[in-house]
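Between the sequences and the hints, there should be enough to build the whole structure, so can you do that?
Just so we're aligned, residue 5 is where the sequence shown starts under my numbering, counting upward by one.
One or more of the hints may lead you astray.
[Unchecked claim] The calculated lysine to aspartate or glutamate pairs, modelled on DMTMM-like cross-linking and capped at a C-alpha distance of 20 Å, are:
1. Lys-185 <-> Glu-416
2. Lys-437 <-> Asp-377
3. Lys-323 <-> Asp-302
4. Lys-437 <-> Asp-461
5. Lys-378 <-> Asp-411
6. Lys-285 <-> Asp-254
7. Lys-437 <-> Asp-238
8. Lys-701 <-> Asp-760
9. Lys-185 <-> Glu-305
10. Lys-285 <-> Asp-760
11. Lys-262 <-> Glu-293
12. Lys-298 <-> Glu-786
13. Lys-682 <-> Asp-709
I should point out that these hints are in silico values taken from the structure, not numbers from a laboratory.
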Amino acid sequence: MSNKLKGLFLRLVLLLVWLVVSACHPDDGNYKTIDLGKESSGPQQPQPTPTQPDDTKDPTPVALNADATISALTLSSGVLDSEFSPDITQYTANLAHTDGIITLSVSLTDPSARLWVNGTPIDNERPFEVSLITGSTLLQFFVFAEDGSQQEYSLTINRASDETIGSSTAIAIPMTYHVIKNRQKFIGLSAYSDSITYQKTVSLDGKIEAGIRYNDAVSQWLIQDTPVYGTLYDGYERISSLPHTVSDPDELLYVPNKNFTGSDAFTFYVRDEFGASRVGKISLIVESELSLPKGIADLPEIFFTPTPAPAISGDTETKDWYIDNTHPNATNQTRQGESNVRHGTPETPRLDLPPTNTVYQAGAAVFIAGNSDKPYTLRNSPSWDRWVLSGTAQNPVYIIGLNDGPDKPVIEHNGTELRLEAEYAIIEGLHFKGTVKQKRELNYANGNLVMRHCIVDGLSLATNGAALSLNVGNVKVLYDMHIKNAGLTRPDLAVNYAVQGLEIFDVDGYWVLDSLLHHHAGDAIQINGEFSANLSIARNKIHSNNGSALNFKRRRDLFFIENDVWDHRVIRYDSSESGGTAVRITQDTLEQTPNYSTIARNRIWDVNTAIIHQGQFSWTTDNLFWHIHHNENSATPKYAIEIGDNAEPNYQDRITNNTFQNIDGGIWLWATDNPDIKEHVYSGNIFGNFNQDSLEKIHFKISADHVAQTITENNLYMTPFATLWGSYNVWDMDTYRTNTENATASLDNSDPLFVDESRFDFRLQASSPAIGANVEQATYQEFTERYNRPLNYDLNLTARPANDSWDIGAYEQ
Numbered sequence: 005m006s007n008k009l010k011g012l013f014l015r016l017v018l019l020l021v022w023l024v025v026s027a028c029h030p031d032d033g034n035y036k037t038i039d040l041g042k043e044s045s046g047p048q049q050p051q052p053t054p055t056q057p058d059d060t061k062d063p064t065p066v067a068l069n070a071d072a073t074i075s076a077l078t079l080s081s082g083v084l085d086s087e088f089s090p091d092i093t094q095y096t097a098n099l100a101h102t103d104g105i106i107t108l109s110v111s112l113t114d115p116s117a118r119l120w121v122n123g124t125p126i127d128n129e130r131p132f133e134v135s136l137i138t139g140s141t142l143l144q145f146f147v148f149a150e151d152g153s154q155q156e157y158s159l160t161i162n163r164a165s166d167e168t169i170g171s172s173t174a175i176a177i178p179m180t181y182h183v184i185k186n187r188q189k190f191i192g193l194s195a196y197s198d199s200i201t202y203q204k205t206v207s208l209d210g211k212i213e214a215g216i217r218y219n220d221a222v223s224q225w226l227i228q229d230t231p232v233y234g235t236l237y238d239g240y241e242r243i244s245s246l247p248h249t250v251s252d253p254d255e256l257l258y259v260p261n262k263n264f265t266g267s268d269a270f271t272f273y274v275r276d277e278f279g280a281s282r283v284g285k286i287s288l289i290v291e292s293e294l295s296l297p298k299g300i301a302d303l304p305e306i307f308f309t310p311t312p313a314p315a316i317s318g319d320t321e322t323k324d325w326y327i328d329n330t331h332p333n334a335t336n337q338t339r340q341g342e343s344n345v346r347h348g349t350p351e352t353p354r355l356d357l358p359p360t361n362t363v364y365q366a367g368a369a370v371f372i373a374g375n376s377d378k379p380y381t382l383r384n385s386p387s388w389d390r391w392v393l394s395g396t397a398q399n400p401v402y403i404i405g406l407n408d409g410p411d412k413p414v415i416e417h418n419g420t421e422l423r424l425e426a427e428y429a430i431i432e433g434l435h436f437k438g439t440v441k442q443k444r445e446l447n448y449a450n451g452n453l454v455m456r457h458c459i460v461d462g463l464s465l466a467t468n469g470a471a472l473s474l475n476v477g478n479v480k481v482l483y484d485m486h487i488k489n490a491g492l493t494r495p496d497l498a499v500n501y502a503v504q505g506l507e508i509f510d511v512d513g514y515w516v517l518d519s520l521l522h523h524h525a526g527d528a529i530q531i532n533g534e535f536s537a538n539l540s541i542a543r544n545k546i547h548s549n550n551g552s553a554l555n556f557k558r559r560r561d562l563f564f565i566e567n568d569v570w571d572h573r574v575i576r577y578d579s580s581e582s583g584g585t586a587v588r589i590t591q592d593t594l595e596q597t598p599n600y601s602t603i604a605r606n607r608i609w610d611v612n613t614a615i616i617h618q619g620q621f622s623w624t625t626d627n628l629f630w631h632i633h634h635n636e637n638s639a640t641p642k643y644a645i646e647i648g649d650n651a652e653p654n655y656q657d658r659i660t661n662n663t664f665q666n667i668d669g670g671i672w673l674w675a676t677d678n679p680d681i682k683e684h685v686y687s688g689n690i691f692g693n694f695n696q697d698s699l700e701k702i703h704f705k706i707s708a709d710h711v712a713q714t715i716t717e718n719n720l721y722m723t724p725f726a727t728l729w730g731s732y733n734v735w736d737m738d739t740y741r742t743n744t745e746n747a748t749a750s751l752d753n754s755d756p757l758f759v760d761e762s763r764f765d766f767r768l769q770a771s772s773p774a775i776g777a778n779v780e781q782a783t784y785q786e787f788t789e790r791y792n793r794p795l796n797y798d799l800n801l802t803a804r805p806a807n808d809s810w811d812i813g814a815y816e817q
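And the structure:
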């Protein structure tokens, strides 16, 4: 055959191949679904052989592309065992059994090349669906270049065998996390199990009688599906096999894909003695700029200052610092032309942290690299290591570690204390770690300080104080912090060093946002001081502290909003008793009662008491209180909310639009008399079922000094109404209405019709009697009048009222 005929034949073959592929996958805008459950020997399409054209007739040769590589491969569920690279040709992915059909997207380096998967032609970059069998499925990808070159890739998908999800009544608690684009997020998981028990913990001759807490009731935590648009880590390890057994439910970390914004998610379930729970969803909202919960004051400008990036190369010292004890060229030895304390450069960084008392000038960036295998150690001079961060509003000082990954540079305290003397400074991406039983605190900080993406791990093992204490100057922001394990409780409970996780004292303007705080011997957060004000504690996950999640002692304008709080129990030591209450607003100093506290849109569960407050003018609204239970061997009745004495002449509080379910008792107002204005509004709430072993199945227990000034309207009671109204006699609804002007618009013995309590979903069904049965409560208007910002949002962030009507409880339908 002549060269000319050969060239014509080649073009004809390529045209036929293109026509066959186009016919198999028309451009109809839909996914192509193919059954790839069986292996294939490869494509049956003709494979063109490159040939040279007739040089005598056509002097210009036809250049045919020879690139037959895949440039990208993504799955709608699960992740590849290694990051995709065109040079790696074999991959594995492990999926849950529920992933019977997944969507794949394949991009070819050369758009003119053609792709077959198990013998089926696939259009370049068009997503296609794959039906999977249980067990192992092999997908073979054949790529043909224009010149006939070919490359084969393979993907083995292991689909897990069926497990009876939902065989247990345990609940994997759904949660939502907010993430900033290109940054990380610390993740904690929670669950509730019928195996949980509530017993008072007693130290008696070394014998402990303790209840079963949630993390003991749950035998296994499993990730079912990983995020589609980011990476999930368990400790330092990337999760790739599914289902994945979690090593510690408080040690997960999520990193979104580069520049991704939008919604992402993963699912998990737990096992207890009864089997496997249903799956719970962790929703991840990735934002280009952090949004704030409704009712929170705007963040200070310093928070939004862009973080500088380190130079990639260069070996000349500047005002910036480069510290990396893992770099082969790292040294502390000053070279010619460098400062006495060398700053380091990208190509020759410092080996260690600079000496104590080093002053970091305005605008300087201190880049600290490293990992947990090679920690840095603070110096002891004589008992602390002092950092002076001297920034300005226009030029802050930056201390920058790793803010988008799990294995951060570690700073060990070595028996000393880190003292921050800082003004206009940002610290991020470091792991502060304590290793010995001596007092070690982050403290002595001046104004305008931001800490974010940091771990504070067991920093203080002293007998008192706090692990983190930033209390000199105003304006402080803690964002995406993981603060854990402060203090010490001996197993026999003979010793308890009730150290707080975070102490706030005399600071005006403090934000604690989107952080994870747990397992402190004292309170997770304690606020004190006559001048403490404008305190925003919002969207945090707080659990398993020996004290409270929040203990607000002084002084005014607290915003505790959209937090998840769980697992707080009374613990009795040899000499004292603590814990059991999630949120305490207490009167530490008689002349300085906490004033103006907002507790809104929180979810509080698995505690002895949700709230005890003694503050003047508090708004408690749109919260969910669930599984509030006394210790089983305690003779003291427990109520979801208790209101105690304060030393103010007036006593006004609002408890409105909340949902109570599985509680011992509702609201107990035990305060003695106040001489002037008394006004208690407890309206618009859903009171669900009582616990079967409740010691007092009472909705309202009101002191005789306050009954005349207590309003209870537009409530829904799932069980027959019962109140102790200034006496020891229990009144039912008829008696209550006869003797008071209350409850005329309340619903008695009425099912609120929750959507699905077994999935922690307390929204209202469309036929719920709570819909439209409420009125506008004064809470929202009073809040707006004081702060000039709205609060009228339900627990699902729906603006109230929805559809021109007000619903009872924490959710608008």
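Now the hints, each set against the structure:
1. Lys-185 <-> Glu-416: Violated, at roughly 29 Å.
2. Lys-437 <-> Asp-377: Roughly 13 Å separates the two Cα atoms, so the pair holds.
3. Lys-323 <-> Asp-302: Not OK: Lys-323 and Asp-302 at ~32 Å, beyond 20 Å, violated.
4. Lys-437 <-> Asp-461: Satisfied, since the Cα-Cα distance of roughly 5 Å is no more than 20 Å.
5. Lys-378 <-> Asp-411: holds, 11 Å
6. Lys-285 <-> Asp-254: holds, 16 Å
7. Lys-437 <-> Asp-238: Cα-Cα ~19 Å, so holds.
8. Lys-701 <-> Asp-760: Distance ~24 Å between Lys-701 and Asp-760 Cα, so the pair is violated.
9. Lys-185 <-> Glu-305: holds, 18 Å
10. Lys-285 <-> Asp-760: Holds: Lys-285 and Asp-760 sit about 14 Å apart, inside 20 Å.
11. Lys-262 <-> Glu-293: Measuring from Cα to Cα gives roughly 15 Å; hence the hint holds.
12. Lys-298 <-> Glu-786: Distance of about 15 Å is within 20 Å: holds.
13. Lys-682 <-> Asp-709: holds, 9 Å
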